[in-house]
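J.: Could you build all of it, start to finish, from the sequences and the hints given here?
Respectively, the protein sequence lines represent chains D and F.
The opening residue of the first sequence carries number 1 in our numbering; numbering runs sequentially from there.
The opening residue of the second sequence carries number 1 in our numbering; numbering runs sequentially from there.
Just so you know, these hints were derived from the structure itself, not from any lab.
One should not assume that every hint holds.
With a cut-off of at most 20 angstroms between alpha-carbon atoms, the simulated EDC-like pairs for lysine to aspartate or glutamate come out as follows [claimed, not checked]: (1) F/Lys53 <-> F/Asp141; (2) F/Lys191 <-> D/Glu139; (3) F/Lys159 <-> D/Asp124; (4) F/Lys184 <-> D/Asp130; (5) F/Lys184 <-> D/Glu134.
Quantities reported herein were computed from a predicted structural model and do not represent experimental measurements.
Each chain is listed here by its residues.
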Amino acid sequence: MISPRRAGAFFASALFLLLAVAPGSAAAPGAAARLSGELDVRGLQALLAEQKGRVVLVNFWATWCVPCREEFPDLIRLQKDLGPRGLTIIGISTDFAGQAAAVEAFLSETRPNFRNYRKKAGGDDGAFIDTIDESWGGELPFSVLFAADGRKLRVLSGKRSYAQYRGEIAKALGRP
Amino acid sequence: MRTLKSLILAAGIMALARTASAAVEIGAAAPDFRLATLDGQSISLAEAAKSHKAVVVMFIATKCPYSNAYNDRMKALAASYGARGVLFVGINSNSTEPEDEARAHARAHGHSFPIAKDPGNKIADLYDARRTPEVFVVTPDGKLRYHGRIDDNSEDAAKVSSPDLKNALDALLTGKPVEHAETKAFGCTIKRA
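T.: Below is the structure:
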């Protein structure tokens, strides 16, 4: 039997978590340290629609991709520094379903302050990548920057430094 | 005069750049190559093409999860189409994957088709291959007939709805034109030297 006090604490925690990953808001530090679910192209489009009014950087990564792992801390720093100015980062792991535990372990270790999803299995690989960007051939990391009005602004293939990402995102955010 | 010289130089550089990165077009002659296979043999594409109904050149990797997702499918295709006169050849162009690693990988996955390392990624450059897995199908006349992916679902073989390589081979073996001769290969970048 759960005591009313413990039940209250549980619901408060659940509410906090729900708010922390609610659409339109950046996740609180460490609150997105787990996969937020699986995404197909439609799911990603719905997620982007929810973020209208904010500049969005969608970053595709995988646990086996060393450059992805290397740049991940910079993405966390970018979300922290530029989130208040209107940036939302969405991470999408392209790891296969069999690697879900490795994905969770990576998120638990890095404790990102933005939501991460796994690319949903099934469907046509070609259709998925062409919807994201026709120039993409699966190389990782791969990022797509969207303007606040939802327009695709830039695709960034390969690892980028904090300064390079920041420069591109700052242009999209405009002057503070 | 200086402007003219600069323009000629620039045009020359652009032409060279285009040649270096030009992909082989469907129906065009597939550039020949000769490589030493992991089992110590030598393989020439032109010779192999003449003695088979088709040769499938597959750029593969040992560490790339996308390429590895196809290990069983490559093995099955090589066996079933091998019986029908098609030769599968694996090429590992990744500078990050040494020969012993490629050999151990082939052994671990039971790949009995010939596999060769591509030192200096010369063959990958010749074909402008960018990913693993990425396949090229060459017929006895030395022409490229298919280029692209193995199928449309890297993660789950049971959910494949477009077995593109199989379709291409079936068409070629029955003397029909390949309906989708060019598809987009999806996978890891070839790690060039």
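J.: Of the numbered hints stated previously, which ones are contradicted by the structure, given in increasing order?
T.: Structure breaks no hint.
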